[in-house]
Structure formats: C-alpha cells, structure tokens
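So the protein lines, in turn, are chains A and B. The first sequence maps to residues 0 to 392 in numbering that gives the first Met the number 0. The second sequence maps to residues 0 to 392 in numbering that gives the first Met the number 0.
No lab work stands behind these hints: they were computed from the structure. Note that the structure is a prediction, hence the values are computed from the model and not measured. Please note that the accuracy of each hint is not assured.
Copies of the same chain are indistinguishable here, so a pair counts whether it falls within one copy or spans any two.
Simulated pairs of lysine to aspartate or glutamate, EDC-like, Cα-Cα distance not exceeding 20 Å [to be verified]:
| # | residue 1 | residue 2 |
| --- | --- | --- |
| 1 | K57 | D185 |
| 2 | K220 | D243 |
| 3 | K225 | D86 |
| 4 | K322 | E40 |
| 5 | K225 | E83 |
In case you want the letters, here they are:
Number of protein chains: 2
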Amino acid sequence: MQIPAPLQPSTRILLGPGPSDAHPAVLRAMVNPLMGHLDPEFVSIMVQVQEMLRGVLKTKNKVTLPISATGMAGMECCLVNLLEPGDKVVVCAMGFFGQRMIDVAGRTGAVVTTLQAPWGKTFSVDEISETVARVKPKVLGLVHAETSTGAMQANIQEIANICHLHGTLLVVDAVTSLGCIELDIDEWGVDAVYSCSQKGLGCPPGMSPISFSDRAVEVIKNRKTKVQSWYLDMTTVMSYWGQDRVYHHTAPISMIYAIHEGLRLVLEEGLENRWKRHWHNHQALKVGLEALNLHYTADASCQLPQLNAVRIPEGVDDLKGRKFLLERFGIEVGGGLGDFKGKVWRIGLMGYNSKPSVVLLALAALEQALANQGVKVNPGAAVGAANNYYAKA
Amino acid sequence: MQIPAPLQPSTRILLGPGPSDAHPAVLRAMVNPLMGHLDPEFVSIMVQVQEMLRGVLKTKNKVTLPISATGMAGMECCLVNLLEPGDKVVVCAMGFFGQRMIDVAGRTGAVVTTLQAPWGKTFSVDEISETVARVKPKVLGLVHAETSTGAMQANIQEIANICHLHGTLLVVDAVTSLGCIELDIDEWGVDAVYSCSQKGLGCPPGMSPISFSDRAVEVIKNRKTKVQSWYLDMTTVMSYWGQDRVYHHTAPISMIYAIHEGLRLVLEEGLENRWKRHWHNHQALKVGLEALNLHYTADASCQLPQLNAVRIPEGVDDLKGRKFLLERFGIEVGGGLGDFKGKVWRIGLMGYNSKPSVVLLALAALEQALANQGVKVNPGAAVGAANNYYAKA
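Isolated chain A (complex conformation) (with noise of 0.2 Å):
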C-alpha cells in the first residue's frame, strides 16, 4: 500500500458545537513524555485533576474523576451504574442529547418515561414536579444545555430538591455547560453529572469528566447485579481512582496531561470571570447576528451564550454556506441535528474560543457567506453593532 505522508491538518477556527480548538498550551502539554499510569509521580498528577475538576464543577465529591472516554460514555456511565434492570427512570427531553439519553437508559434494562419539549424550549419546573411526583423514578436525565438547540435548563436546583423529595437521584448533562456557564454540582444538590473536554474546558475530545454525590455512590454500592459495562464500572474505577489505586485500565496518560493543563487555565482564568467573558462575547455576536437577519432558535429567556443556534435563512443553502466558511476562511460551524438538520447553524463560542477576535472574525465572514447566496446585507452592520456592544460593555 501507498504510505500516507506524515498529517499536516489545516488550520481551522472551530465555531461548531465542539470541539472547539484547544488552548495552545493544552497541546504542548501533550508533548510530554509518557509516564507509566501506576507511577507514584503520574498518581500525583492524577490527584491535581481530581482536586482541581472538583474546583471546575464546585464540589466536593469524592468520586469525580475524568473517565477514559468521550462525553457520550459520561452518559452511559451515569446511567449504567445507577439503573438496574426494571428500575424506573424519567429523562427529559429537549432536543437530540436528551433523545439520545432515552435510548442509552433504555438499554439498562430500566423502565423509561420520557417528558418531551419541544425543540428550543425548556422545561417548567412544574412538570417536572408533577411527572416525579406521579412516577417517583429512581433516577430522573436532565440535560442542562442542549448542544443540538442552544437551549438552557434552568432552576436545576428547584428540580434536585423536587427528586430528593421523592428520593429520585438527579443526573445531568453538563456536555456544553461545564466551563462556559454557572454550574454548582453541590449548591444545586446534582447527584450525577458528565461533561467531556473538547468545549469549555479547551482541551482536544477523548474524556468525560464525572462526579457521583455520596448518595448516588451508595446507590452504587448497593448494587443487586454487576454493572452491565465493565470499561464504566464505577466499583472498580473508583478503585483506581480512589486510594487504592487498583490497576484497572491504563489511563490515556497524554489526555490527562491535556485537561491538568485545561483545567488549571479554568482555576487560574476564575470560573466567575469564565463564564463573564462567555456572557460578553455571546452578546456581543448576537447583537451582530441580529443585524444580520439571523434569528435564534431558543427562546431568549434561555439562550445559551456559548452556543448560538439560529435559522438558516430562506433561500440559503446549509452545505454551501458552511463549504464557503470552511474553504474560504477554515472557520467550521455546525449544522442541524435531527428535527434542524438543514434548517440551523450552530455557532459555537466555547473556551478558548470565547474571544472578541472571533467574534469580530465570525461576523464578517458571516456577511460575506450570506452575500456569497444573494442575501441583501447590510456591509459592516454586523461587526459595527458587535464592536458597538464591546465599547459600551
């Protein structure tokens, strides 16, 4: 066979739904030489993740650790080891993520009651107190920002007190919040969350960060059967994890180097100033899509800063209008999933991302993609009203 060339990949600006690019200096942690996973040193860099993920997501939770996976074996690591075959479970869905949520609890074995809203709305928490107090599940899925609509959950804390009211356990989806907006695993009362490292926290895709409160780990560990996946059983990762140090599986020693790196920027950025300068340069976008003629799919009232979901407009072709960004000024949005395939471009603003350089960047190319199809634009309306927005801000 012909032997490829060694990889040298364009240079893109990553505006979709994750990943979003890497803080450089999370890439040059990877250049670090490997350490063997049970060595005392690497244990120690281990420690440092656990302590300062706990700091990202406002816990103190013992069991909080990044699994060896992507975001979507967070989920299925939450779910497999809380749900036993014929346990009851209510997941809330809001879009594709809470769909997808159905379908992973579903193979637990579990009893599924599905609440659905409608794409780019939220749950009240009064519907969600009526279907938990009428079903009284073990656990209840709630995804807090939902990737596929930019739509934001909230009152997550008027919803744990609600579950533990019925001893219900509260897991949340925490994909495309963690790192951009205001999360408080223990304030809140989340009893499970996943998230993974690709989006706010600035660091390339391949792990989930969890937590399991203490309640959810006494679940756990009372456990009748074995947990049907043995790569996310919690009773031996924790192990590894915990202070004994079991050997489980071997640790992707580059990956963790990664997000000490990520997270350490998080800590020393401040997670409150993290999630201002997320709030500014969304608004300072939106502002400019607005003069644009670029509609949100979410309702304002819960709109999530760090990923701008909007319709395409008529007449404007999806594929041509992503091709003509990518080929012309490598920056990559994303398209529309399930019911918004074609109809909706994701523009996210994530990590180290979030900045006014790409925001700027954004809009420009924007206006002339949009002219590339025959809109009608205002030239310089868009990156005018954003650049308006940073000199009052």
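Starting from the known structure of chain A, arrange chain B on it as the hints suggest.
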C-alpha cells in the same frame, strides 16, 4: 484552592507491560491544532487511519477502526457486540487478561464456559478442539499475547479452523501483540480482534484498534437485542466510520493524529522488519537476564519477545527493586499481577523501546538493582552477554 503549576513530568524509560514510550514523532503529531470530527479533511484522515490499520492487522475487513477508548474497551466492544443473553461463549484463560475476559463476557448475559491453563503455559490445539466440539459456542475468546505472564498462544490459525468447523466465531486479544510479533488476521481467520495504541504501535494510550470479519459483522447485524453498550455499539459506530459518516460521538482528534503517525511509522519500517527487531532485542535481553540468573516465567517455547516476565530472586524485595530502578534511572519495570504479584518483574521491549540502547541500559541498571539488595552478580556479565549476542546477530 492552590492552583498547581504547569506539568513538567520527569523523563522515564517505560519498560513495563505498557504504556511504552511513544515515538517522538507521534507526540509531535498531537500538537497539531484540532479539526472538527466531521470536517472533510478529517474524514480523509480517518480513511487513511483505517487503511493503515488494515495493513498492520493484515486484513481486508471493512469494519476496521480504532475505538475511542483504551484497549480494555476493545475487549468489551468485541464481546458485547457478538454476544446476546443466553449465547454460549468459551473463554480460554492462561493469565490475568484471559481471566478478565471471563468477567466481561459474563456481563453480557451469555453462558460462559472457562478453559484454564496454569500461568506461564498456553493451550494445546487439542484441548481447545475438544471444548469447542463439546460446547459448540457462538464465540471463543483467546489471548494471543498474555501480558501478565509473557506467554504467546501459538496455532491461532488451527484454532480458527476448528472454530469455523463448529460455527464458532474466534475473538482474539492482540493488546500486547500488535506491532511486536506476527499477527495475520485474514490468513489466520480471526473473526474479531482488539488491541491498544500504547504498546507495539508506539502511541499514547487512549485508543483501541479493532477489526471484525464479514462473518462477525453479519452476526452483529442480525442481533435480536440492542447492544448493551451505546458507546461501543458497532451498528452505529460503523456508520460513523463507514460511508455514511453519521455522527455518533466526537472522535478524539489528537489521538487520531497520534495513531495516524504511529501506524505510518510501523508501515515505513515494514512489519517483518519490526517483528525481527523485536526478536533480536529480546534475544539480547534474554542472554543478559540469564547472566543475571533471572528466570522466565513462561515456557521457553512460548516466550513473547516484547514482554519478558522473570521471577524475582529469593530475598529480593519487589517494590524496593522497582523503586531503585525508577528513582536512579527513570526506568519503569512492571510488577506482577494476580498470581504473580510480588513475585515477578515484567520487562517490556515494545515498539519504540525495542532497541539496543534500551536493552544495554536495562541490563546494566538491573545489575545494580540486584547488587543493591545483596545479590551476588558478576559485574558487567549481563551487558557483555548482550553485546556478544549483538556482535553475532
């Protein structure tokens, strides 16, 4: 909290059972900026990775790809996709990892029949033949290179023929063999194989190359139940890595860059050259270990070149010895697992680390480590014996 400083990991020479040191070019490949997992350019990188992986596994299997998790997830992937509740499976265990396969297989709800060999031994074709004829299982699971004992199971092709006579699928654990010793998936008739990135391929841990024969893919397509793991469900993973490129999960971009470079380097060297290199460096190490009076745990007839497991001499403390090597020379050597805990050192010469400089240093350092614990050694004899071997080879 106190924010840790950026990492500056100590330099190691990884001579345990894995990870082994990654090739510097592989580490450099990971510094490339990220791309989106659905970017057309990234898709062509995925295609190259699959083609090269087929080359390294010597297979034409369409379903050949790296799973987005470490080697143990590869084991789980093969078993959960091929087995359904009530199916019959025979697992041949001749060490720690065969034993683990029993656990993983059992979690599918399949009926597991176990064939055991003493640690350090392997199976005769007759033993396996008798069991397959009697049980007529859907799947037979076998470890090619048992990392806990350093023993190689020979006659895989004969075993595959017997399996196919009875309609049984052969699953092979090639975690420690890929890239180090002969492995010929199509010629041998293996139906499912899994490996890892961090041993013979000289990459960081984090990916698990797998391959399924067309026969195995048919079985997966005709399942009556959903695969219990969503993350490892090949019916959907195949669509992402196949023609359709349907989004499943976010691929670990940097790790794909790494394995692209790792596979490239294997093919540039040539498989036969690579196997010969592993063999020669093993022979040199072996004469040196013999000069140090260190004895192999595996029978000479089935000794793996890439993993040299030797008994720790009477009166020598395991931990003290390994600590001495690590602190004085940065050399990591593996301890024993299971039956061999505290009794065995495992010296890996894998991928990038299978080279004369490493062999000579390892022997010189071992001499010092043994002398440090009062073992009488003939100074320089081990290195002398190895140099003597190299001079003649």
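Here is what the structure says about each hint:
Taking CA atoms no more than 20 Å apart as the test, K57 paired with D185 passes inside one copy only; the shortest distance there is 6 Å, against 51 Å between copies. When the C-alpha separation of K220 and D243 is checked against a cutoff of 20 Å, the pair qualifies only within one copy, where the shortest distance is 16 Å, while the shortest distance between copies is 41 Å. In this assembly of identical chains, K225 and D86 lie within 20 Å of each other by CA distance both inside one copy and across copies; the values are 14 Å within and 18 Å between. With identical chains, the CA atoms of K322 and E40 are at most 20 Å apart between copies only, with a shortest distance of 12 Å across copies and 46 Å within one.
Proximity of K225 and E83 under a CA criterion of 20 Å is satisfied in both settings, with 9 Å inside one chain copy and 16 Å between copies.
Hint violations for this structure: none, all hints satisfied.
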